[in-house]
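Enquirer: In case you want the letters, here they are:
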Amino acid sequence: MTTGSQSKTGSDPLLAVAESFTPNPQQRALRLHKELTKVWTDAPGWRGTLTSVNHTTIGLRFMATAFVFFAIGGVLSMLIRAQLATPRGDFLDTALYNQIFTMHGSIMMFLFAIPMLEGLALWLLPKILGARDMAFPRLSALGYWCYLFGGLIIVLSLLGGVAPDGGWFMYTPLSDKTYTPGINADIWLIGVTFVEISAVAAAVEITVTILFCRAANMALTQMPLMGWYMLGTAAMMLVGFPPLILGSILLEVERAFDWPFFDVARGGDPLLWQHLFWLFGHPEVYIIFLPAAGALSTLIPVMCRTTILGYGAIVAAVMGLVFLSFGLWVHHMFAVGIPHMALAFFSAASALVAVPTAVQVFAWIGTIWKGRPQLHLPMLYALGFFLTFVMGGLTGVMLAIVPFNWQAHDTAFVTAHLHYVLIGGFVFPMMAAVTYWMPLISGRRRIKGLGEGAFWLVLIGFHGTFFIMHLTGLLGMPRRIDIYPDNPEWVLPNLISSIFSMVMATGFALFAFDIAMQFLFGRQSRRNPWQADTLDWAMVLPAPAYNFASLPMQGPKGPDLILPLARGEGLLPGAPRGWRELLVVDPGTGKPSHVAVLPGNTVLPLITAGAIGTLVGLLLAGLYWLVPLALGLIVLAVWRWGDIMGTTRDHAAVAVTPDLALPLHWHTRGSLAYRGAVATLVADGTLFASLLFGVAFLSVVAPGWPAPASDLPMLLAPLTASVIVLMLAFAALAARRAEDGRASPHGQLWALLGTAAGCVALLAIAGAALMLDDPRQHARDALRGILLAYAAVHAGIATLLGLRTWTDDRHGRVSLGRRGTAPVWRLWQDFAAVTAAISALVITLQEIA
Amino acid sequence: MLIGSAIITGLVLLLLTLAWRSGPNRTGNERLWIWGLGVGFTMSVLVVLVAYGVWVGERILARADGALRVAAHAQQWGWEFTQPGPDGTAIVTQGVLYVPAGRPFDIEITSSDVIHSFWVPRLGGKMDAVPGRVNLARLQADVPEVLEGLCAEFCGVGHSAMRFSVVVYPEGDFPDLQADVFGPEDSP
Ligand code: HEM
Ligand SMILES: [Cu+2]
Ligand SMILES: [Cu+2]
Numbered sequence: 001m002t003t004g005s006q007s008k009t010g011s012d013p014l015l016a017v018a019e020s021f022t023p024n025p026q027q028r029a030l031r032l033h034k035e036l037t038k039v040w041t042d043a044p045g046w047r048g049t050l051t052s053v054n055h056t057t058i059g060l061r062f063m064a065t066a067f068v069f070f071a072i073g074g075v076l077s078m079l080i081r082a083q084l085a086t087p088r089g090d091f092l093d094t095a096l097y098n099q100i101f102t103m104h105g106s107i108m109m110f111l112f113a114i115p116m117l118e119g120l121a122l123w124l125l126p127k128i129l130g131a132r133d134m135a136f137p138r139l140s141a142l143g144y145w146c147y148l149f150g151g152l153i154i155v156l157s158l159l160g161g162v163a164p165d166g167g168w169f170m171y172t173p174l175s176d177k178t179y180t181p182g183i184n185a186d187i188w189l190i191g192v193t194f195v196e197i198s199a200v201a202a203a204v205e206i207t208v209t210i211l212f213c214r215a216a217n218m219a220l221t222q223m224p225l226m227g228w229y230m231l232g233t234a235a236m237m238l239v240g241f242p243p244l245i246l247g248s249i250l251l252e253v254e255r256a257f258d259w260p261f262f263d264v265a266r267g268g269d270p271l272l273w274q275h276l277f278w279l280f281g282h283p284e285v286y287i288i289f290l291p292a293a294g295a296l297s298t299l300i301p302v303m304c305r306t307t308i309l310g311y312g313a314i315v316a317a318v319m320g321l322v323f324l325s326f327g328l329w330v331h332h333m334f335a336v337g338i339p340h341m342a343l344a345f346f347s348a349a350s351a352l353v354a355v356p357t358a359v360q361v362f363a364w365i366g367t368i369w370k371g372r373p374q375l376h377l378p379m380l381y382a383l384g385f386f387l388t389f390v391m392g393g394l395t396g397v398m399l400a401i402v403p404f405n406w407q408a409h410d411t412a413f414v415t416a417h418l419h420y421v422l423i424g425g426f427v428f429p430m431m432a433a434v435t436y437w438m439p440l441i442s443g444r445r446r447i448k449g450l451g452e453g454a455f456w457l458v459l460i461g462f463h464g465t466f467f468i469m470h471l472t473g474l475l476g477m478p479r480r481i482d483i484y485p486d487n488p489e490w491v492l493p494n495l496i497s498s499i500f501s502m503v504m505a506t507g508f509a510l511f512a513f514d515i516a517m518q519f520l521f522g523r524q525s526r527r528n529p530w531q532a533d534t535l536d537w538a539m540v541l542p543a544p545a546y547n548f549a550s551l552p553m554q555g556p557k558g559p560d561l562i563l564p565l566a567r568g569e570g571l572l573p574g575a576p577r578g579w580r581e582l583l584v585v586d587p588g589t590g591k592p593s594h595v596a597v598l599p600g601n602t603v604l605p606l607i608t609a610g611a612i613g614t615l616v617g618l619l620l621a622g623l624y625w626l627v628p629l630a631l632g633l634i635v636l637a638v639w640r641w642g643d644i645m646g647t648t649r650d651h652a653a654v655a656v657t658p659d660l661a662l663p664l665h666w667h668t669r670g671s672l673a674y675r676g677a678v679a680t681l682v683a684d685g686t687l688f689a690s691l692l693f694g695v696a697f698l699s700v701v702a703p704g705w706p707a708p709a710s711d712l713p714m715l716l717a718p719l720t721a722s723v724i725v726l727m728l729a730f731a732a733l734a735a736r737r738a739e740d741g742r743a744s745p746h747g748q749l750w751a752l753l754g755t756a757a758g759c760v761a762l763l764a765i766a767g768a769a770l771m772l773d774d775p776r777q778h779a780r781d782a783l784r785g786i787l788l789a790y791a792a793v794h795a796g797i798a799t800l801l802g803l804r805t806w807t808d809d810r811h812g813r814v815s816l817g818r819r820g821t822a823p824v825w826r827l828w829q830d831f832a833a834v835t836a837a838i839s840a841l842v843i844t845l846q847e848i849a
Numbered sequence: 001m002l003i004g005s006a007i008i009t010g011l012v013l014l015l016l017t018l019a020w021r022s023g024p025n026r027t028g029n030e031r032l033w034i035w036g037l038g039v040g041f042t043m044s045v046l047v048v049l050v051a052y053g054v055w056v057g058e059r060i061l062a063r064a065d066g067a068l069r070v071a072a073h074a075q076q077w078g079w080e081f082t083q084p085g086p087d088g089t090a091i092v093t094q095g096v097l098y099v100p101a102g103r104p105f106d107i108e109i110t111s112s113d114v115i116h117s118f119w120v121p122r123l124g125g126k127m128d129a130v131p132g133r134v135n136l137a138r139l140q141a142d143v144p145e146v147l148e149g150l151c152a153e154f155c156g157v158g159h160s161a162m163r164f165s166v167v168v169y170p171e172g173d174f175p176d177l178q179a180d181v182f183g184p185e186d187s188p
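These protein sequence lines map, in sequence, to chains S and H.
Under the working numbering, residues 1 to 849 are what the first sequence spells out, in order.
Under the working numbering, residues 1 to 188 are what the second sequence spells out, in order.
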């Protein structure tokens, strides 16, 4: 046994915390490694590619794919710069130029930045928190496939010459059917929504993993800062993406069926799109920034051989950013004609976000101050971040000042600011992160010199390109124009930008080359090369599929941990039952609560993504009559996912340490699946809230109101609405009874009754749909159609869960100790009932008023 | 403002250099870095900036003080202006706006198809033309000259060519009209 210098009591760091856990007996590390590898590793060959659900594989796949999309977006930006290099650039025509800058922006935001941070989170979180995998491995894989398929659709549209061309924020009416008759806008709306499935999936998964899958006894307040940053990111994604998804659905429905959500002539308003888009779009900037800042907070102290300054202040700053970023969206709309008081308020709020950001920047500088900084490559990139991001942040504050914003809005100044923030605040830190964790990924050392070369090329190229664009913007050059024959004063700065952008591109290519060389020719790296004391380095290099042969606990730190963990002295050693096992802990204290059995390799995620892809294809092709078929496929696939929630026999508690035995997940109510359902409903509830915001916004602000009197049948309509709400509420009651009376004929009967009530509610919803006024007539009626569709979808899901509960009960997949699907059913059923009741109330109020 | 930004950037980078140079000191002064610099310093800069912004913003708001009224109507891809003509009655012009020098005027900005944005860089102020809405901006041109204006919100293939000019004339001395002038009744 190696002797741990840091441990207080003597030789073994694990013994140092013996008062909380008795260590497991020592085993042979190699035997454990073999046992675990058999259970955790991907299937060999191409089957592994299709069936892997392991977080290390999926996380790396996300990052690699994101890098490919970055390269594609980068090539597009080179085309833009080539076109703008001369005032009459004529190698792209205007229509094509519009497609190219729209695609550049959309690819960079949706197919590079977001997936890149998802990949980092999936790959890193279990390692740094001391777990073996993410909470929902199949969801990671599903997210990946949705991302890949959606991304392919978007990129292939460029080859077909039908790429989106309305700018990356797709303002209506420009993007509606009248002004964009082709399929271009549909590709954006449907393709991006397809990709966003992966973002919401990742957000659910990250939240649950951070809260419930940490090392034993790691209290929330002790977790590595990366955990806090990612928790903030995931929370913002859960609340930030639904408005965009809702907006995309509404706009697509308007394009496909002429429901006038955004058409002023019929009670809609184009500003509704802008609100929904920026409700997402502004938090998006912080969603991208937070993980990058998390990487910096992780690696700066390590590079300076010290600890971070102001842990608590940084946590507070992260929370502050999450909160403030949702108060800011209007600052993208300063020029649309907003009341002056509102302008002042949002202006102040926008400036205020500078505070938590500044707190972090100064905390990092303070950390460098108190430590002994070493100029390793990751630190070099971190310095690149400082230089670039500080300038980007300051131009951001300038833009937050209203009169200046009116002046600079939509000029090259904004393009410059945006790239200072995005490349400074995201790309540089990500390059720092990749070089920092590369030894853990490849197990090798890098080749000296290449990385430094890449750094200087990117840094010089970047500032050469974008610094001068501030000036071009102040000279009045608008963004999104392809020629400028009458403005000789813009020629020189544009040419300089274009030349330096080539330098930057070379730098990125060299970076990729460096990574490839490291994989191919790097020498074997030693363990924990940076001498970091986080858990991600407490394993051999490259990281094994199972991360930890036995699980760590809060307390002991440092490289001395590697050996005891590999020898099985930690918690839950090996895979004696042949299952992938994960320790689930209490969210606040980190006290171990139960053991979850995770699914192994499976094609189910791929099949599910294929079914969703079929739906997407049909929607794009306009084959709406085939849609039920695709929906059926999706339901079938998802039905299979639910298997994990039940089993046919009771299981004994599992020994985690010699004197701690914990139940398996089937025997607890608060299983990970249940927590995941709660997180999903947070996102879903936000979608619903955005929809209500839409109703309120249009009825108060849009010019075309009040709507013409409606033709709802006086008696029948309220009657149907009552039937819907009552049936859903009854089903919610039945779900409770079914759970309480599980594994008895009584419980089975209630499950059946609840399912039947759900079916009646669905029929009533269909009836209500027939009574609605023509949704094409006015936005009010279109919104009612959407409210009804929302109720139908949720009643449908709840009813399927009821059916699942009933079949599980019949097949003996529940028992007194095992609750199966019932808790999740109950949750959904409550949600469906409450949202349906709110919708009914809204429509009633509209009718009375 | 540019100078201020440069100074702050320089300050942060200077701190960074000093931090790099300073020998290790195990403790680190959290009060100074977090509260002093992070919160205190940042807040003071922001308060000044926002107050200034609101004050200047107030000046370019349209007010009901009987100022001169003109109108700009956008469609794909051109501008149509309504303003008082040589004899004071309203005239409609394509692509050229006539305003007197040295007098504040309110401009009504509208659109009949997609979103455009009215912007004359030299006059400052920029306002979107949103279908279904009338947006007002207060502007003032001080000396007689011809200014360039353009559409500042992406509006389709004709966006980069959606330019116009503003002819600022000495009060009471209306210049010769260029082509494309209509009476109000035959405006398309
Ligand atoms: C690789 C180097 C890059 C170069 C040379 C570059 C260049 C450009 C240029 C010249 C424009 C302006 C197009 C126009 O207004 O006509 C632009 C727009 C944009 N870029 Fe980049 N860019 C780069 C990287 C990135 C990255 C990494 C991101 C995001 C993470 C990004 C996001 C955007 C966005 C969102 C737009 C706005 C698109 C729109 O107007 O719809 N760019 N880029
Ligand atoms: Cu325009
Ligand atoms: Cu335009």
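Careful: at least some of the hints might be erroneous.
[To be verified] Where chain H lies over chain S, by a calculated footprint (3+ residues, C-beta under 8 Å):
| # | region |
| --- | --- |
| 1 | 524-537 |
| 2 | 618-631 |
[What the hints assert, rightly or not] Between beta-carbon pairs, the in silico distance windows are:
| # | chain 1 | residue 1 | chain 2 | residue 2 | range |
| --- | --- | --- | --- | --- | --- |
| 3 | S | MET319 | H | GLN94 | 36 to 42 Å |
| 4 | H | GLY10 | S | PHE513 | 32 to 38 Å |
| 5 | S | ALA766 | H | GLN94 | 49 to 55 Å |
| 6 | H | SER165 | S | TRP625 | 35 to 41 Å |
| 7 | S | VAL682 | H | SER165 | 50 to 56 Å |
| 8 | S | ILE447 | H | SER22 | 56 to 62 Å |
| 9 | S | PRO488 | H | PRO104 | 29 to 35 Å |
| 10 | S | LYS591 | H | TRP35 | 30 to 36 Å |
| 11 | H | ALA90 | S | ASP711 | 57 to 63 Å |
| 12 | S | GLY449 | H | ASN29 | 21 to 27 Å |
| 13 | S | PHE697 | H | ALA161 | 32 to 38 Å |
| 14 | H | PHE41 | S | GLY161 | 50 to 56 Å |
Treat the hints as calculated values from the structure; they're not laboratory data.
Quick reminder that beta carbons are idealized off the backbone N, C-alpha and C, glycines included.
Enquirer: State for each hint whether it applies.
Expert: Quick rundown of the hints versus the structure:
Using a Cβ-Cβ cut-off of 8 Å, 0 residues of the region 524-537 of chain S lie near chain H, which falls short of the minimum of three, so the contact claim is violated. Chain H is given as covering the region 618-631 of chain S, and this is violated because 0 residues of the stretch bring a CB closer than 8 Å to a CB of that chain, at least three being needed. For S:MET319 and H:GLN94, the hinted distance range of 36 to 42 Å is not satisfied, since their beta carbons lie about 54 Å from each other. At about 35 Å, the beta-carbon gap between H:GLY10 and S:PHE513 stays in the expected band of 32 to 38 Å.
Distance hint check for S:ALA766 and H:GLN94: the Cβ-Cβ separation is about 54 Å, which falls inside the suggested range of 49 to 55 Å. The hinted range of 35 to 41 Å is not satisfied by H:SER165 and S:TRP625, whose Cβ atoms lie roughly 54 Å apart. Range check, S:VAL682 to H:SER165: Cβ separation about 53 Å, and the 50 to 56 Å hint holds. Checking the proposed 56 to 62 Å range against S:ILE447 and H:SER22 shows it is violated: the Cβ atoms sit about 32 Å from each other.
Distance hint for S:PRO488 and H:PRO104: a CB-CB separation of about 32 Å, consistent with the stated range 29 to 35 Å. With their beta carbons about 34 Å apart, S:LYS591 and H:TRP35 fall inside the hinted range of 30 to 36 Å. For the hinted restraint 57 to 63 Å between H:ALA90 and S:ASP711, the CB-CB distance of approximately 43 Å leaves it violated. A hinted range of 21 to 27 Å is violated for the C-beta pair S:GLY449 and H:ASN29, which are about 38 Å apart.
The hint said 32 to 38 Å for the Cβ distance between S:PHE697 and H:ALA161, and at roughly 34 Å that hint holds. The given range of 50 to 56 Å is respected by H:PHE41 and S:GLY161, whose C-beta atoms sit roughly 52 Å from each other.
Checked against the numbered hints given earlier, this structure breaks hints 1, 2, 3, 6, 8, 11, 12; the rest are met.
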